[in-house]
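Novice: Listed below are the residues making up each chain.
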Amino acid sequence: MSSAPITVLLFEDDEGQAILTKDALVKEGFVVDVCQTGKEGLERLLQTPYQICLVDVQLPDVQGMELLRRITSIQPNALSIVVTGHGDEVLAVEAMKLGAFDYVVKSPYMGHLAALPIVIREGLERSRLKDEREQLQTELWEHARLLEERNAELRRVNEELKRIDQLKSDLVSMVSHELRTPLATIKEFTAILSDQIAGPVTQAQQEYLGIIRANIDRLARIIGDLLDMAKIEAGRVILNKGYTEVVAMVDHVVQSLQPLAKSKQLTLDVAIPPLAHGVFADPDKLTQVLLNLIGNAIKFTPPAGRVAIRIEEHQSEIEFSISDTGVGISADDLPKLFEKFQQFRRAAGEGSQGTGLGLAISKRLVELHGGRIWAASQEGKGSTFFFTIPVYDAEDVFRQTLTAGLDQAKRKRGRLSLIIARLRNFEELKALYGMEETSHLLKETETVIRDTVRQRAGDIVIRWQQGEMVLILAEVDKAGAQRIAERVQELIEERTYKLGGRPVKAALAITTVTYPDEGGTERELLQVAEQALGHPDKTRTRILVVDDEPKLQQFMKEILERRDYEVALAGSGPEALEQVKRHKMDLILLDLMMPVMDGYEVYHLLKENPDTKDIPVIIVTAKGERKDRQLGLDSTTYNYVAKPFQTEDLVAKVREVLQQQQQPLKAS
Amino acid sequence: MASRILIVEDEPQLLQAITIRLTAAGFSCETASNGREALQKLEGWVPDLIIADLLMPVMDGYTLVKQLKSEARTAAVPIIVLTAVPDHALAHRAEELKGTCVLRKPFETQELLATLRAMLAATPGGTS
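Protein sequences appear in the order of chains A and B. In the working numbering, each residue carries its 1-based index in the first sequence increased by 4. Just so you know, the working numbering puts 16 at position 34 of the second sequence, and the rest follows in order with no gaps.
Mixed in with the good hints, there may be bad ones.
[As the list claims (entries may be wrong)] For the chain B half of the interface with chain A, some residues (derived, Cβ under 8 Å), not all of them:
hint	residue
1	I2
2	P39
3	F89
4	T91
5	E93
6	L95
[Said to hold, decoys possible] Residues of chain A clear of chain B, computed beta-carbon distances all greater than 10 Å:
hint	residue
7	E70
8	L133
9	V474
Don't read these hints as lab results, they were simulated from the structure. Even for Gly, the Cβ is constructed at its ideal location relative to N, Cα and C.
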């Protein structure tokens, strides 16, 4: 800018002033042209660009303001600086409104001329800065616009990705359906043939059918692997994680592979130390990993070799290793081992029967558990595969899962439900059979729960404490949780468990709480649940229902349990007497007509025993069977309900008898 | 008396195969090729057990199972749901309903028979 001279057009009708001004500016290195009328100046402007127009607003021909407007219209980039007489500042201000950049007041002794170059230079600098600012502003707007555009584009892409993801998932479902359905038909007809339902089959035919069947199974496995991989890659694998016993699982896998090992005369050498912890894992998925790794080891080890399975417990994880005495894997192949579709011909002679996906799937599954997987090998000597799975720390896992689940529900404005169940006879079972036996029952109920509740959104985490269980259901609303709770209760209560060799029933108090419907924090939710369940030490009234008709038994049990009584069942007289011996009963509902030992006899036996004579009894019997006189009983203690009864009649009678029982106790 | 089984499957040949197999095992079989047809069959008749495919045209297996479980007349009938898509959302939901059991395709014949017998045995008043 300093190199090229600044060009100035001076509008000045006073010749003397014009000369003085021009001289002052030229001295400072400006190039100055002078015009004495507005008309002349405007014509020049049409031909030559100027950086500065110095305008005396009192020209003879054109009114000053009009001149400014026209200058701006001809050369918008030229800066106009107004030169006014003393006392014309009002005019100057008006001029600035019209687009003049600055003004200079003429002084009688031409003192303003010395200031002019500075004003001009400053003006140009200010103008430059202003332009720059505007430029930046424009660029900023442009950036903002581009950003907005890009955002819109991203949203579109995101939508598209979601759609593709859905399509992919639909495709997986569809492929799964389309491939497995014909496979099921082929398998069924093959089985019909080999089972000779359609007629006799020769030895050779039977053998060929066996080959067909083996290949159907192989095809099914391949489809399974492909779909597993597709699901893992689409992020659709949901782990059903929980406390998983390692020893039992490894044993199970080893047992199932034993025949395969035997057929190759391989030794399966399993050494597992006593473990302090289980792992936090999805047992199905972990079994899949073990089956794959041990299966591979067997497959790739030549006959009469050895496959060793070792487990080591570390601080926070359990390390599994599977070694074989196979041909090994070359150092070049090791890094590629866990990639998809890598088939290494490790086996001597034997063609691989896999899909090339087994190890890739195993790696993904282990990593989904938060573990690591790797391999070491020496060519010609054998390979060892290692993987780790985090150990289960119940309290940690529970807290983490609940906190994470609640956070997610808050963020997504979603739901989270808890199912809280208490084993009502926990204390009693513990007293009778000991904690260890009772914990078998807890384990078994947990298995039932895991099999019933297949979580669609996250891990299943179950925490047991003193016979009380909390189950976290992420993304499940109240209705869903209640449906699951009902099912869980039914399944657990309909089962018969064996404790100390005796059949035992589990009685469950169960309730659900849902975020945010019933509470906003972990504490609130657990409190609500606690209240709904009632206090564990509050002893509930226990009623023994003695009836040989299971349906009626069940019916009475349901009616009474709905009124919060604890109900025990006996199907015969002897069973009733046995129950009474073992458990404290507050009331007995007794059917009269029963085989083996009828109600009369039971009644008498109860009354004759000092331990049981005070237990009130309500006789439940069909109309017309009433032979109470034969009982020879004191009429005041005799209570009776006739079948068929109304639900409310039975309940009213139960209440009445229990109250009678309490009064004399209070009085004494 | 032989237990009566209703088999609902849209794949005619698989339907045929299951029918042959169950008949040979001593069950008395009726068939339907979708949920709607099954409901029509069930109008004047209640079987001891139902085997239903999950994904079928016209009316899918889940809708059928839900409908049957909501009616007093059929609520207690045990149902085996067959599915080629084991982790289909509907398979999970069907599994949550009372008296249902899900089997994945392709299934072992022995597995189907064992499940069927176990469910029949667990049904009060059921004959197996």
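Novice: All hints are to be evaluated individually against the structure, with a verdict given for each.
Specialist: Outcome of the hint check:
1. I2: 6 Å, holds
2. P39: 12 Å, violated
3. F89: Holds: closest Cβ of chain A sits about 7 Å from B/F89, inside 8 Å.
4. T91: OK, holds: B/T91 within 8 Å of chain A, min 5 Å.
5. E93: Violated, about 11 Å.
6. L95: 10 Å, violated
7. E70: 80 Å, holds
8. L133: 64 Å, holds
9. V474: Since the minimum Cβ distance to chain B is about 19 Å, A/V474 lies beyond 10 Å and the statement holds.
Of the numbered hints given earlier, the model fails hints 2, 5 and 6; all others are met.
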